[in-house]
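Peer 1: Just so you know, the sequences run in chain order A and B.
The numbering used here puts the last residue of the first sequence at 481; the count rises by one with no breaks.
The numbering used here puts the last residue of the second sequence at 481; the count rises by one with no breaks.
FYI, nobody ran anything at the bench for these hints, they're computed from the structure.
Do not rely on the hints blindly, as some may be mistaken.
When the alpha-carbon atoms are kept at most 27 Å apart in a straight line, the in silico DSS-like pairs for lysine-lysine are as follows [claimed, not checked]:
1. Lys104(B) with Lys89(A)
2. Lys48(A) with Lys46(B)
3. Lys38(A) with Lys48(B)
4. Lys(-5)(B) with Lys124(A)
5. Lys38(B) with Lys48(A)
6. Lys241(A) with Lys313(B)
7. Lys89(A) with Lys(-5)(B)
8. Lys48(A) with Lys313(B)
9. Lys48(A) with Lys311(B)
10. Lys322(A) with Lys322(B)
11. Lys149(A) with Lys479(A)
There are 2 protein chains.
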Amino acid sequence: MAQKYVTRAEDYSKWYNELVYRADLAEHSDVRGCMVIKPYGYAIWEKMRDILDAKFKETGHSNAYFPLFIPKSYLSKEASHIDGFAKECAVVTHYRLKNAEDGSGVIVDPDSKLEEELIVRPTSETIIWNSYKNWIQSYRDLPILINQWANVVRWEMKTRLFLRTTEFLWQEGHTAHATKQEAIAETEQMLDVYEDFAQNYMSMPVIKGRKTANERFAGADDTLCIEAMMQDGKALQAGTSHFLGQNFAKAFEVKFADKEGKLDYVWATSWGVSTRLMGALIMTHSDDEGLVLPPALAPIQVVAVPIYRTEEELTAISEKMKELSIKLKAKGISFKFDDDDNRRPGWKFAEYESKGVPVRVAMGPRDLENGKAEIARRDNKTKELVDFVGLEDYIEQLLADIQSNLLQKAMTFREENTREIDSYEEFKKEIDKGGFFLAHWDGTPETEERIKEETKATIRCIALDRKEEPGLCMVTGKPSAGRVIFAKAY
Amino acid sequence: MAQKYVTRAEDYSKWYNELVYRADLAEHSDVRGCMVIKPYGYAIWEKMRDILDAKFKETGHSNAYFPLFIPKSYLSKEASHIDGFAKECAVVTHYRLKNAEDGSGVIVDPDSKLEEELIVRPTSETIIWNSYKNWIQSYRDLPILINQWANVVRWEMKTRLFLRTTEFLWQEGHTAHATKQEAIAETEQMLDVYEDFAQNYMSMPVIKGRKTANERFAGADDTLCIEAMMQDGKALQAGTSHFLGQNFAKAFEVKFADKEGKLDYVWATSWGVSTRLMGALIMTHSDDEGLVLPPALAPIQVVAVPIYRTEEELTAISEKMKELSIKLKAKGISFKFDDDDNRRPGWKFAEYESKGVPVRVAMGPRDLENGKAEIARRDNKTKELVDFVGLEDYIEQLLADIQSNLLQKAMTFREENTREIDSYEEFKKEIDKGGFFLAHWDGTPETEERIKEETKATIRCIALDRKEEPGLCMVTGKPSAGRVIFAKAY
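Looking at chain A on its own, in the form it has when it is part of the complex:
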């Protein structure tokens, strides 16, 4: 661990990039904009996926799988959808390669040109509604509550690991309903699922809100979101849930007969979170020593490092650790005993610190004699000597403490970096320092655009629980019904 890493204060962006490599989470591939998610990073993503998947199933959803490719013409069917998504896409134009005649390798066979190009899905509304069309005839076929775990591709010019990559992994829920109210309730329910996941598993506080028309999903009547604050004060949109109205049903001619036999278009929602959550997780908690993980998402929750000189010492410590392992396992706590003889304890300490393992147990010959172990918390770096008897209960409680401490800390940070602001002059001066700014806005896209152009800040959302507070737009002085949240964002 001789390598010197940059700190958050020195260069936040570089700190992030270094951390992703240092904790062995992911790396850039040679394919422009695509990442390799390494085993440790993928193990965290798997935990996220499994927890979310269970919540989707609890709320009545099933998984299914739709094609990777979307015929180009489908994207044109929903008018506003196309403006949002039919831009930077990977386009499949041919289906065969052949050997070059000069033996130089393979070339695309010109005879294999597709009649209609296929787009690698940037999101699946169109291909899915094209199927739903055949699945829905009557109210008895509704609701359809389907989720898909998949890879999607959006051709990004500027990419960052997890935060913005050309290919990423995500889940996309696509539901169909007989009534508007039911679809709106679904949109809200899934936002609540995301909030619950963010706060109680990621220990990441989020604000539930509504996007402005400008920031809405292409094809949605309403976009709800959860917004989080990163440690540099920037906002990160961590999940969205869209009420799609009847837009896709109309685009794909999906009607159903109600109980009276009357035909109407179907109501829709879609909602998703992606591997972007990995970036949010990293930037919410981690510090200059590396990753900090909430226990609920840590692939290894407890690591034990033996400190010894002789074989006998190692054997004695190993026995104790085996005991501990069994007791922790019974509690569903994941545990790793690292007795690799090729690495010194100091190296291991730094390694697991980098990787964000929440609790470290160290035991040396003297600890063994005294019936104690040294317990170190990753989150606040405190250490304590704890009796070996009952250690499993101590650790269980400690993991719960760490989980809630991380949430509390992030909550406090967000509060300290959220302020009301009424002067646009001050706003322009302050916005670069980061944080959430609660300001009055006149509700027009023009003012929103102007602020974005002049400051690069956007309206992150109109909080669902904002207080009604009549005021005057900080830019135009026109009336406003309440404050909205401005911030610079990832």
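With the hints as your guide, set chain B onto chain A.
Peer 2: Same frame as chain A, now just chain B:
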């Protein structure tokens, strides 16, 4: 259920296609060769995935994720790999669409042409070994034991749901080792994992064997496989495990320093199973009434249907079913109580029969009075009146019986349809009847090719446990060391 379905005897192929729709497993999408896996089909695939995933982890593997796209030039790096895979591929040539000037929709932006085309992965050896190159310096970095769950694309001209689709889901293990022996042991271990899964979860007997040079994976030194027999006597390759030698290490220049500091190329394996297993599962057990599922893979293991006229009867039955539900849940048995008032019991019986639910519980007022329930097995269609007291134990045992009965039945079927054959004349007459033919072969690709051309039968494998039995090739009369398995195959 007025619809009349074709039987296996009438038209096996049509029976299969109808069954996939009838059981609501999957359907063709409008994208040529790509399928939609519907919720019920996906639920079975999820069970397969979760069981296999646990087995991969038990044997020390971790999951990771590599890019969907492979630069065209990578495919050329391994000489025999390119012949096998750089043929029917989806080729991405552009990365942007734009609005057509005449307003007719979107067109591919000619300015967005990629310098080097990207291939949608048909398999990931090349992109993965391009990463491993950077991960491996010394023996300390080995072994690498990684698996990936992903979608892959092979442009197929003739497709069938699950069995052969342009896009399919699979897992691909890619491991790197310091020694040849270790890589071979890994290849064999993973074949054993597949065999265990096929036999003990799918109730599908398989023969472990070795592919001939002709049928080997493109880039492998040795391909091991599991071969199953479908009910029409055709063979289905259900999984493969490849010893890749140093071929990919050489193609991507991946060397490691051993303990003495000597450099050598790394040894590799890869192994995979896909959604094709769904096809194998269907064709191994199902009958003219629909899907038959082994309990270990059934999304619903037990379904209960109430038979009633009055509300009071339904209430009384529902209470009993609630009791049963709790007891079955405690045993980890999945249970559905279908009290949908819009459907009659007969309709429900047929529906769950179609879907292969292993055990059906029916209860009417008289059963209730007598403290009994009618228990129907899906596999052999027997019915029995069973005491309600202790019913959960009865069902638990029944599920185990069904699981082993299905395996036994399939095993018997395979035995009855496997025969030794010594005359090529007879072989040519018999081969169309289906089944496995054990015949002597002179070991040359020429003879293998000739048999394939003349009969469409291929050598499925050389069984790993075949007895050494010198003989004479049925075609050329040249010497042979033992019999190999011929069959027509999916």
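Peer 1: Work down the list of hints and note, for each, if the structure agrees.
Peer 2: Outcome of the hint check:
1. Lys104(B) with Lys89(A): Given that 27 Å is the threshold and the Cα spacing comes to 19 Å, the pair holds.
2. Lys48(A) with Lys46(B): holds (24 Å)
3. Lys38(A) with Lys48(B): holds (14 Å)
4. Lys(-5)(B) with Lys124(A): Holds, at about 25 Å.
5. Lys38(B) with Lys48(A): With a Cα-Cα distance of about 14 Å, the restraint between Lys38(B) and Lys48(A) holds, given a limit of 27 Å.
6. Lys241(A) with Lys313(B): Violated. Lys241(A) to Lys313(B) sits at ~42 Å, over the 27 Å cutoff.
7. Lys89(A) with Lys(-5)(B): Measuring from Cα to Cα gives roughly 46 Å; hence the hint is violated.
8. Lys48(A) with Lys313(B): holds (20 Å)
9. Lys48(A) with Lys311(B): It holds: about 25 Å lies between the C-alpha atoms, which stays within 27 Å.
10. Lys322(A) with Lys322(B): Given pair Lys322(A), Lys322(B) holds - Cα atoms ~20 Å apart, limit 27 Å.
11. Lys149(A) with Lys479(A): holds (17 Å)
Consistency with the previously given hints fails for numbers 6 and 7, ordered from lowest to highest.
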